[in-house]
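Engineer: Following the hints, complete the assembly by docking chains B and C onto the known chain A.
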Amino acid sequence: MFDFSLYTAGLPLMGITTIIALIGGTLTGIVIGALPGLSAMMAVSILVPLTYGMTAEVAILMLLGVYCGANYGGSIAATLVNIPGTPSAVMTTLDAYPMAKNGQAGLAIGLATMSSAIGGFFSVIVLSMLSPLIARFALQFTSLEKLSIAIFGISVMAFISKGSTVKGLMAGIFGLMVASMGFDPNTSILRFNFGSIYLNSGVNFTAAMIGLFGMTEIMLSAEKKAKKVPEKQIEAVKNPFACFKYLRLSLGNIFRSSVIGVIVGAIPGAGGTIASIISYAQQKKISKHPEKMGQGAVEGIVAAEAANNACTGGAMTTLLSLGIPGDAVTGILMGAFIIHGLQPGPNLFNTNYNLISAIFIGMFLINILILVLGLLGAPYFAKLLKFPRQLLNTVILVLCVVGTFGVQNSMFDVRVMVVFAIIGYIFTKLEVPRAPIVLALILGSMMEENLRRWLSLADGQYWAYFMECSRKTPIAPIILAITIFTLISPLFKKTKVFSEDALDEYEEINKKNS
Amino acid sequence: MKDYIVGISGLGLSGYVFFASKAFQRLGSGLSEDPAYYPRILAGILAAMSIGLLVGALRKRNKIEIKFNRALLINLGKFLGLLIVYILLIVPLGFIIATALFTFSMIWLLGGTRKQALVYALPISLLTYLLFSYLLKVPLPKGILQFI
Amino acid sequence: MKKLVLVTVCLVMMAGMVFAQGSAEPKVASAAKYPDGDVSFIVPNGAGGGNDLTTRALIPSLQRSFGVNVIPLNQGESKGAVAAQNVMSAKPDGRTFYFNSQTLILMPYGGMPSIDLDQFQPVAQVVEDTGVIYVKADSPYQTIQQLLTAMKSNTLKMGHNGNGALWHLASLQLAKATGANFRYIAYTSGGTQMLTALAAGEVDLCIVNAAEGRSMVDSGLVKPLASLGETRTDVFTIPTLVEVGVDYIFPVWRGVFTKTGASEEILAQIDKAFKAAAESPEFVEYAKNNGLPIRYRDHKEFSAFIEKEKKVYADLMGSL
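Protein chains in written order, with our numbering: chain A, 4 to 517; chain B, 304 to 451; chain C, 105 to 424.
Don't read these hints as lab results, they were simulated from the structure. Do not rely on the hints blindly, as some may be mistaken.
[To be verified] Think about it this way: if two alpha-carbon atoms lie no more than 20 angstroms apart in a straight line, the pair counts; the simulated PhoX-like pairs of lysine-lysine are: (1) B:LYS445 x C:LYS414; (2) C:LYS280 x C:LYS415; (3) A:LYS432 x B:LYS418; (4) A:LYS389 x B:LYS418; (5) A:LYS295 x A:LYS104; (6) A:LYS475 x C:LYS261; (7) B:LYS305 x B:LYS381; (8) B:LYS440 x A:LYS432; (9) A:LYS432 x A:LYS235; (10) A:LYS475 x A:LYS104; (11) A:LYS241 x A:LYS386; (12) C:LYS414 x C:LYS404; (13) A:LYS104 x A:LYS241; (14) A:LYS235 x A:LYS104; (15) B:LYS381 x A:LYS227; (16) C:LYS414 x C:LYS376; (17) A:LYS227 x A:LYS475; (18) C:LYS280 x C:LYS256.
[Stated by the list, open to error] Derived coverage of chain C by chain A (criterion: at least 3 residues anywhere in the stretch with Cβ under 8 angstroms from a Cβ of chain A; other residues may be distant): (19) 364-378; (20) 407-413.
Glycine residues also receive a C-beta, built at the ideal position from the N, C-alpha and C atoms.
Chain A on its own, in the form it takes in the complex:
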């Protein structure tokens, strides 16, 4: 009954090049994650262009390494400078920084490493067990189900992104409008190309992404004055192995937090940040010493880090089995799949069986690598924080330009990238979230194609055809109902679904610490 070939078929793909790419990717990810201001999103988007010359499996595994590595690496800056290296490490700062101030920076990083790796490991197990099952089920999905999933993804993404829900939704619609540029999917008539053949098929996704998340970040970070590097704490990163003393005590916590991480990760649009906020709040509720959380408690670090790394597996489950990115970073990963001629989705389990298997094996290895590299390399990663910002920013700018050029050897794309960098900058200044744009750009064509196709299948009898489809499988109406409920729920309750109390608390504790 149970077919083990899914877990071994990828082994022949794990050649020496793949392994080197995997290690290189994970290491790069940790390094980028460790540097404040460089998020996982940016890491993956500027590294996608580096993979053009590679075969698909090498490229995908390298990017997965970057993704998981960066998610973990954020905890290093969180511990040492009290800045989350990536947004998802926001809750880690609460306890890791006080612990580092007490001279236990090594232990804090060790704990983060251990729980990240175990959380990630757990999520890969879930990924490899569940995604084939969901995929088999999802193969039956028709245009209506795909359409409702796309609507759900974009609504949720806009809904939970930071700041105002209305602005989040507006950002999502903006992304959908951009995605509708170029040939109409149903009639092949040109729309919104502004008279340029370069825009006949719309804006290049990778170029927009690099602009929004690579270059915009640099523009924002160039404005800020760099925080002073706490030399003393960097030197104090010693003996991270001490964390294993706490392993037995924390197992329950890690397990709970990982479950939360996987579930949140699997929801389209919700990523590591939300997962760690929820799991931190949860841990505080059941903790025996809730008053100690926020003052350097072991359980705080463990809960936050296990959850945000467990997100990776959850997000990949949705990506591989449904073809929908689970968070913004997997959205960019989806772009990378497409660049390499692969369409993520249930059919990938038929067409690229070995690759899927290699992804499972690769993600197992990545989490082992995080454990090994994290524990052995902690003192060296800490030293990265001393690297001069202006050099780093300049190098990233050059990489943004070359990387975008390389997508399709086009200087036009480079201009598109700069335009999107400016858009991203203005959006940030106006407090409109950027993340929904990513998801909208990637889901936009899926949404319109399926909508218009469904309309042409219905042939004028829209309501009758909707009922006919719903009788076959009730999935679409259920998803649509959930979407509507999510969108109108704030009318009944003042708070958001993912309570902002935890975030407020974060800000309070953070004030006290600094």
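Structural biologist: Frame of chain A; chains B and C shown alone:
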């Protein structure tokens, strides 16, 4: 103030989409054959939200103005100017020279020392060139250095 | 501020020098020594797709023949319109190659009237593929005869890959040849998406080539019924349409073009190189693994063939 800007731009964008989509050719009578159908739905939703945002902002009456920081704007202008000049020069000058000049000035602009700028500009440019053209086989423009 | 002015002035001066120099010495292509520099090979699709892989399989042998680098350039933007535009503005020195199929001939009809087919000199055809008619694995039509009868009496839903695209034309011609009447449903993202929808029962049949459908057939989701080729395909054991009495074949050719204007001497050298490439072990193995039938035509044969194809499509598009 921010909400006003966002709301008004949202209305403007949806208005543009609505009117621009009038010109699209229709292949048949069905909704599926109308290229303007989907963009107009989006424009409608965007307009509704913009109005909602504006109404909300009016009711709140928060008069927090955006602070125009002149120094910041000038710096942003320099940053973008440098970037645009760089992009325009990549093809005629070639990647290596344009990038070296760009990194030199950008490190300087971002607050690095003159020494840093001098030391790092050429190596950064050469390394990226080698990485992309030889390892990743992206044919970067050679410009005046046609012989390499 | 001073620094910036200084740097800008430097940059502008440099730029001025470049433009002055660039116009001073135009390059002259001489047939005596061909190719006199690296050759670029434009692929109108992204990396990893069918056309890209086919091009990359030809390149090792071309490099051996030419003795220079052959650089693949992926320019998939705007469905290949930008790539085609770049070929039209290239120098006619035989150093810019372009890979495409029927899609090239269809471009001027599909919202890209600026593409002038006379600017493309056919150089070599390397592949002749065809379409296969697929149905869902548990479809009520299990043989091609059952399907043919059904499509004359009912309006079946036919999946295709976009208005005016390759498989749309194949199905239009099928309808013309059999007198059937289809409801056309567009799957613009391509073959895989179309086959998935077929497996989910959203459409009744669709036409895609053999290579794309193979993995779905192997996993028992869809079933091939007949091919549209002149001869049977090696990938599946199914009849051709001609065998079951429908007078209709749909050859899908893939070949190489260059900018019109290269001399006969250069074209003769190119012929030699591409013939060797089409017979090279790398290409033969690639074609075998991907179920692509190799068919080589040199530039004269290919040009004559293209002229015929242009007429076929002009008639077809005129009748739409």
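Engineer: Check whether the Cα positions of LYS475 (chain A) and LYS104 (chain A) lie no farther apart than 20 angstroms.
Structural biologist: Distance of about 60 angstroms is beyond 20 angstroms: violated.
Engineer: Residue count check for the region 407-413 of chain C against chain A: does it reach three with CB-CB under 8 angstroms?
Structural biologist: Since three or more residues must qualify, the claim that chain A covers the region 407-413 of chain C is violated, with 0 doing so at under 8 angstroms.
Engineer: So if I understand the rule, the pair passes when the alpha-carbon distance is 20 angstroms or less; does LYS241 (chain A) with LYS386 (chain A) pass?
Structural biologist: Holds - the C-alpha atoms of LYS386 (chain A) and LYS241 (chain A) are around 12 angstroms apart, at most 20 angstroms.
Engineer: Do the alpha carbons of LYS432 (chain A) and LYS235 (chain A) lie within 20 angstroms of each other, as the hint requires?
Structural biologist: With a Cα-Cα distance of about 35 angstroms, the restraint between LYS432 (chain A) and LYS235 (chain A) is violated, given a limit of 20 angstroms.
Engineer: Hinted pair, alpha-carbon criterion (20 angstroms max): LYS440 (chain B), LYS432 (chain A). Please report holds or violated.
Structural biologist: Outside the cut-off at roughly 38 angstroms; violated.
Engineer: So if I understand the rule, the pair passes when the alpha-carbon distance is 20 angstroms or less; does LYS280 (chain C) with LYS256 (chain C) pass?
Structural biologist: holds, 11 angstroms
Engineer: With a cut-off of 20 angstroms on the C-alpha distance, tell me whether LYS445 (chain B) and LYS414 (chain C) pass.
Structural biologist: violated, 38 angstroms
Engineer: CA of LYS389 (chain A) to CA of LYS418 (chain B), is that 20 angstroms or under?
Structural biologist: With Cα atoms ~18 angstroms apart, LYS389 (chain A) and LYS418 (chain B) stay inside 20 angstroms; holds.
Engineer: For a C-alpha distance cap of 20 angstroms, please report whether LYS305 (chain B) and LYS381 (chain B) respect it.
Structural biologist: It is violated: about 24 angstroms lies between the C-alpha atoms, which goes past 20 angstroms.
Engineer: Given the hinted pair LYS414 (chain C) and LYS404 (chain C), is their alpha-carbon gap at most 20 angstroms?
Structural biologist: It holds: about 16 angstroms lies between the C-alpha atoms, which stays within 20 angstroms.
Engineer: Need the status of pair LYS227 (chain A), LYS475 (chain A): alpha-carbon distance at most 20 angstroms?
Structural biologist: violated, 56 angstroms
Engineer: Given the hinted pair LYS235 (chain A) and LYS104 (chain A), is their alpha-carbon gap at most 20 angstroms?
Structural biologist: holds, 9 angstroms
Taken one by one, the earlier hints fail for this structure at numbers 1, 3, 7, 8, 9, 10, 16, 17, 19, 20, listed in ascending order.
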